[in-house]
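Protein chains: 2
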Amino acid sequence: MYPKSLQKLIDNLRLLPGVGVKTAERYAFTVLDLNDEEGAEFISAIINARTNIHQCKICGNLAEDDECVICKDQSRDKDIICVVQQPKDIIAMERIQDYRGVYHVLNGAIATAKGIMPEDLNIKSLLNRVDKSTKEIIVATNPTLEGETTALYLAKLLSEKDVNVTRIAHGLPMGGHLDYADELTLSKAMENRQKIK
Amino acid sequence: MYPKSLQKLIDNLRLLPGVGVKTAERYAFTVLDLNDEEGAEFISAIINARTNIHQCKICGNLAEDDECVICKDQSRDKDIICVVQQPKDIIAMERIQDYRGVYHVLNGAIATAKGIMPEDLNIKSLLNRVDKSTKEIIVATNPTLEGETTALYLAKLLSEKDVNVTRIAHGLPMGGHLDYADELTLSKAMENRQKIK
Numbered sequence: 010m011y012p013k014s015l016q017k018l019i020d021n022l023r024l025l026p027g028v029g030v031k032t033a034e035r036y037a038f039t040v041l042d043l044n045d046e047e048g049a050e051f052i053s054a055i056i057n058a059r060t061n062i063h064q065c066k067i068c069g070n071l072a073e074d075d076e077c078v079i080c081k082d083q084s085r086d087k088d089i090i091c092v093v094q095q096p097k098d099i100i101a102m103e104r105i106q107d108y109r110g111v112y113h114v115l116n117g118a119i120a121t122a123k124g125i126m127p128e129d130l131n132i133k134s135l136l137n138r139v140d141k142s143t144k145e146i147i148v149a150t151n152p153t154l155e156g157e158t159t160a161l162y163l164a165k166l167l168s169e170k171d172v173n174v175t176r177i178a179h180g181l182p183m184g185g186h187l188d189y190a191d192e193l194t195l196s197k198a199m200e201n202r203q204k205i206k
Numbered sequence: 010m011y012p013k014s015l016q017k018l019i020d021n022l023r024l025l026p027g028v029g030v031k032t033a034e035r036y037a038f039t040v041l042d043l044n045d046e047e048g049a050e051f052i053s054a055i056i057n058a059r060t061n062i063h064q065c066k067i068c069g070n071l072a073e074d075d076e077c078v079i080c081k082d083q084s085r086d087k088d089i090i091c092v093v094q095q096p097k098d099i100i101a102m103e104r105i106q107d108y109r110g111v112y113h114v115l116n117g118a119i120a121t122a123k124g125i126m127p128e129d130l131n132i133k134s135l136l137n138r139v140d141k142s143t144k145e146i147i148v149a150t151n152p153t154l155e156g157e158t159t160a161l162y163l164a165k166l167l168s169e170k171d172v173n174v175t176r177i178a179h180g181l182p183m184g185g186h187l188d189y190a191d192e193l194t195l196s197k198a199m200e201n202r203q204k205i206k
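Protein chains in written order, with our numbering: chain A, 10 to 206; chain B, 10 to 206.
Read the hints as simulated data drawn from the structure, not as lab findings.
With a straight-line Cα cutoff of 35 Å, these simulated DSBU-like cross-link-like pairs (lysine-lysine) come out:
# : chain 1 : residue 1 : chain 2 : residue 2
1 : B       : 13        : A       : 97
2 : B       : 97        : B       : 17
3 : A       : 144       : B       : 13
4 : A       : 123       : B       : 31
Given the sequences, and given the hints that come with them, work out the whole structure.
Laid out in C-alpha cells, this is it:
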C-alpha cells in the first residue's frame, strides 16, 4: 500500500527496540515531515555518531577522542574500577552520582552457549590496568547467568593480583513488592540480609 | 556525560513522536550497534524516502511516481472520492478494505486561529476533479472543530456542483464504554441513532 521507499523506511525504523509497525509508521511520517534543515541534521546526526563514536582506549566506554570523558576527568579516582558489560551500563551507574571511580567495559559477558568466551571480552585490558595502586575492582555485571559467570571468572582471575574484588549487591529492587519478586531474587535478598542500624 | 555526537543523535531521535530521553538513548545505542551494512541501509532508507516521496499529482497522497498507487489502480472507482486531512488517514481508511473508491488529501484542515485558510489546502484540485460522473464525495476529515469546519465548508462549496456530499458517521467507538464517552460524542451518538434492523 505504501510507496516502496516509504515501506523501506518503515521496515528500517522497526530495527529500533520495541518499535512495531504502527510506531514505525508514525516515525516514518515524522521523518518525512521534517523540513529540509531538520532532515539534513537528523541524517547527519546518525552518520556523525556512527562515524565519530568508538571505544575509549583505556576503558572501552564510548568516546569521540582516544579517551572517554570519564577517563579524561582528573577528579575521578583511577584506583577504583567498576566493571560493566556495556557502555550504557555506565550511564545507569552515573545516575547515582556518588561514584567517583572509573569504569571498564567488557563489551559483553561470558556465554559459552552463545560461543562468547573470556578471550572475546575486554578482559586483558582490564588486567593490564590493575597495579599495586588499585584499591578496588567492583564487578557490576548483570545479575544473570552470564553476568554471574563473568563475575566469578573475574574474581578468580584477579585473586592472583592481590586486589580487592567486590560485587554489587543483589536483592529486592527499591519500590518493589515481595509477592512480585522471583524466587532467586528473594533468596538472594534473604542471603544478603543485613542488621538494621 | 555522552560524547557530543552521541548526544546530538539522542537529541535528534527525540524529534520522533512520543520519544523521551530514555527511549532516545536506547534507539541511539541500537543505531550505533548496527553493523556496516545495516547502518548504511538505515541511513539510505531515510535519505531515499525523503528524496523520492512526494505528493500524488491527482489526489495529494504520498507517491513515488506522478500518481499514487491508488490513483493508478484501474480497479478503483474514480467516481467516489473520500476526502481526508492527511496521507496517513488513507492508510487508516484502507484497513477497512471494502472501500473501493479513491481519495483526496487536503493536507490539513481549516483552522482560522492558526491562520490555515481554505486556500492553504488542496481544495482547488478537489473541485477540478469533480465532474458530472462523480457519484459521491465522502468527507472524512477528523471529528474535531477544524475537521467539522472544513467539512461544512466543502459541503457548501460542492453544493453548487450538484454532487452527493456525505460525512462519515460520528458516535460511540466500537468496544467503547458509555461512561467513558465525552458529552459531545454521546450527543452525536444519540442524534444519529438508527432503527435496529
